[in-house]
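Numbers 22 to 232, taken from the numbering used here, label the letters of the sequence shown in order.
Think of the hints as simulated: they come from the structure by calculation, not from any bench. Given the structure is predicted, the values throughout are model-derived calculations rather than measurements. We put the beta carbon where it would ideally sit given N, CA and C, even for glycine. Incorrect hints may have been included.
Said to hold, decoys possible - For each label pair, taking beta carbons as the anchor points, the in silico distance ranges come out as:
id, residue 1, residue 2, range
1, V152, K47, 19 to 27 Å
2, A180, R220, 40 to 48 Å
3, V122, N158, 23 to 31 Å
4, M162, A231, 38 to 46 Å
5, T228, D64, 38 to 46 Å
6, D120, S165, 35 to 43 Å
7, K90, F127, 44 to 52 Å
8, A231, G37, 23 to 31 Å
9, S165, A222, 14 to 22 Å
10, K90, P133, 29 to 37 Å
11, Y192, N129, 16 to 24 Å
12, K90, V152, 28 to 36 Å
13, A180, E92, 29 to 37 Å
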Amino acid sequence: MSNTSSTSDFTADTAGRTGRTERTTKETSVLVEIGLDGTGRTDISTGVGFFDHMLDQLGRHGLFDLTVKTEGDLHIDTHHTIEDTSLALGAAFRQALGDKVGIYRFGNCTVPLDESLAQVTVDLSGRPYLVHTEPENMAPMIGSYDTTMTRHIMESFVAQAQVALHVHVPYGRNAHHIVECQFKALARALRYASERDPRAAGILPSTKGAL
């Protein structure tokens, strides 16, 4: 998008890895703060109720302390608000990872929600790539949330977080369940990948020496 300004600060120490991103355009104003070594505390407000619920799932099940404050042009639609929040979230996550020394790097999780199932695998590789599949003919809306935005959330997050992400929902009927199990599985996969491996302290998990 044009006319964009952003500022970012990164702090990492033995007490915890944190990232903060502010993103301001003519369409939105976004603040995201994330702590990877948290307890799942969340403070979410985007103006899109179901999206708030999904971001809460991400924090709670990833054990990330997550603050998201977005003001967007909701008089137009929810697209810009959801997109820009997802971009800022990816940037903050990447900052919080720091140099990636000592992390597991890879994570995967399969999560059921009643009749729906999500399988998520992530590689904190430094290379953005997304594979995303979900059942066709889903209900188009969940409240004010356009269900076609789920893939776009993942695309935006991946672009800024610089991770490879595979999300597969082989079956499901209820749109709420189909989307929610994706966020829960994503949360756990990111948690497992970003956690420190006690057997690999001081070691970068890459044979080429860079991530």
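Hints not upheld, ascending by number: 1, 2, 3, 7, 9 and 13
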